[in-house]
Amino acid sequence: MTPEELARREAAAHAQVAALRALAETERATPGFAARVLAAAGGVRPRRAAALPVPAGLLVLLGLALLGAVPQYLAWFQALRLKVPPAAVAVARLQEQLWQRNFACAGQLDARSGNYAALTTEAVVVVVWACPSGDVLLTVESPAGAFPRRSLWIAHDDPLLRQGLATLWPRLLPVAQAAEKPRRPAPMVRVLCQRWLPRRLVWRHVQLADGRCQEEVVNPRTGRVVQRRLAPCALACGPPGRP
Amino acid sequence: MNWDRLRPADQSVHEAIAAGDYRRALEALVAGYQHPVVGFCTHMLGDAALGEDVAQDVFLAAYAAMPGFHRHASVRTWLFAIARKRCLQVLRNRRRQARLARLKQHWLAAGAHRQPPPSPEAEADSAVQRVQAGLQRLPEAERALLLMRYELGLPLTEVAHILGTSVSSVRRRLARALRRLQEAMADDA
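Chains A and B are the protein sequences, given in the same order. Per the numbering used here, the first sequence starts with residue 18, numbered consecutively. Per the numbering used here, the second sequence starts with residue 835, numbered consecutively.
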């Protein structure tokens, strides 16, 4: 609204405006009013109101939300440290513990042993190695090289591992089934030597079913063979080292 | 309202607050503003005794808030923002209590098989009395707006500052409030 429009409205209501202005002279404080106010002020303490940039309730909510998310931050940190997805941290830590617990047993893997079993199809080879602790090392290979060899420890009494299996198998099996031109596999039949490497990796010297040998590096948290190459079967085996 | 004569009082209030002497600031504030604040509260509430009580609360609230008073702020804008807020609070509380009282009276009247007595109408025989009666029939926010602008004579910019709105919006609200006041007074006549 423009000043002119308001001025017109005031002119139309000039009697009311004049009466409103006259109100200023009609009411006055009674004598003693100022003294009463000053007497009452004795019970009042001037103070600066605490000024927060945001309402206090919002700060409390924000603090609670940040506090509640601490486990998630820890999981992210662990995932970064272990180099696995955040959802797989618990499984990765358990796998690493099982590698440490059964390290000696894993180094004795041999196809001639009664603890060894192999499930062989054209698309996938599964080697099962049972340890005295009751834990079982499962090694899954693709004869066509569709996916890298992967080892997974199974502890029957651990619900987390069952959960880990449930997430791993659906990813693994379709890849194995999609492998083209499969050939007869040459699964790992014997672990010739095994030791811990820096950064908590496992080095293995293994013999395959076709008689060839290879060196491989396994990440115990994911069970994946991260490096491998053919190697002579006669290699000196050093001490097992420490994780 | 001649605000020029209150300039010395404003100056004293500013100086006393800057010096941290809040008691002296209160004395200057009450000495300068007691009549306009009592008048504003009385006309807002339609009751002289209640208006003076609320005006006393206004000064005490201003005294308590003095440490937060900005050095460059206008004393009267600050004080009448407090006064308007206090009066609106009192009116809200009174409305709530009146609703309860009306309900109680209705039950009593129903029990005695008679109608509740009609509320007494103020007789208005002069322009000022008629405008006072008309003001009481307006919404409280419009009443406060008309009193701040015409009784106190605050500039539009200060009214806009108190209401937290634009000058254009204040003009529009004033025009509407004046029209309603005319209608209310015409009904009374």
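For the record, the hints were derived by calculation from the structure and aren't laboratory data. Treat the numbers as computed from the prediction; the structure is a model and nothing was measured. Think of the CB as a built atom: it goes at the ideal place given N, C-alpha and C, for glycine as much as any other residue. It is possible that some hints are incorrect.
To be verified - Residues from chain A shown here face chain B by an in silico Cβ test under 8 Å; the list is partial:
#	residue
1	ALA30
2	ALA32
3	GLN33
4	ALA41
5	PHE50
6	ALA51
7	ALA58
8	ARG245
9	ARG246
10	LEU247
11	ALA248
Claimed, not checked - Away from chain A, derived, C-beta distances all over 12 Å, residues of chain B:
#	residue
12	HIS906
13	SER908
14	THR911
15	ALA915
16	ARG930
17	ARG1013
Now for the hints, and whether the structure bears them out:
At a threshold of 8 Å, the smallest CB-CB gap from A/ALA30 to chain B is about 4 Å, leaving the interface hint in force. This hint holds: A/ALA32 has a C-beta 7 Å from the nearest C-beta of chain B, less than the 8 Å allowed. With its C-beta approaching chain B no nearer than about 5 Å, A/GLN33 sits inside the 8 Å limit, and its interface hint holds. Evaluation of the A/ALA41 hint against chain B yields a held restraint, the C-beta minimum of about 5 Å falling below 8 Å.
With a least beta-carbon distance of about 5 Å to chain B, the hint placing A/PHE50 at the interface is held under the 8 Å criterion. With its C-beta approaching chain B no nearer than about 5 Å, A/ALA51 sits inside the 8 Å limit, and its interface hint holds. Look at A/ALA58: its Cβ gets to within about 5 Å of chain B, closer than 8 Å, so that hint holds up. Checking A/ARG245 against chain B: minimum C-beta separation of about 73 Å lies over 8 Å; hint violated.
Checking A/ARG246 against chain B: minimum C-beta separation of about 76 Å lies over 8 Å; hint violated. Checking A/LEU247 against chain B: minimum C-beta separation of about 81 Å lies over 8 Å; hint violated. Look at A/ALA248: its Cβ only gets to about 80 Å from chain B, farther than 8 Å, so that hint breaks. Every Cβ of chain A is farther than 12 Å from the Cβ of B/HIS906; the closest lies at roughly 17 Å, confirming the non-interface assignment.
Every CB of chain A lies more than 12 Å from the CB of B/SER908, the least distance being 19 Å, so the non-interface label holds. With a least CB separation of 17 Å from chain A, B/THR911 remains clear of the 12 Å interface cut-off, as annotated. Here B/ALA915 stays apart from chain A, with its beta-carbon at least about 15 Å from theirs, past the 12 Å limit. The claim that B/ARG930 is not at the interface with chain A holds, since no C-beta of that chain comes within 12 Å of its own (minimum 25 Å).
For B/ARG1013, the requirement that its beta carbon stay farther than 12 Å from each beta carbon of chain A is not met, with the minimum near 7 Å.
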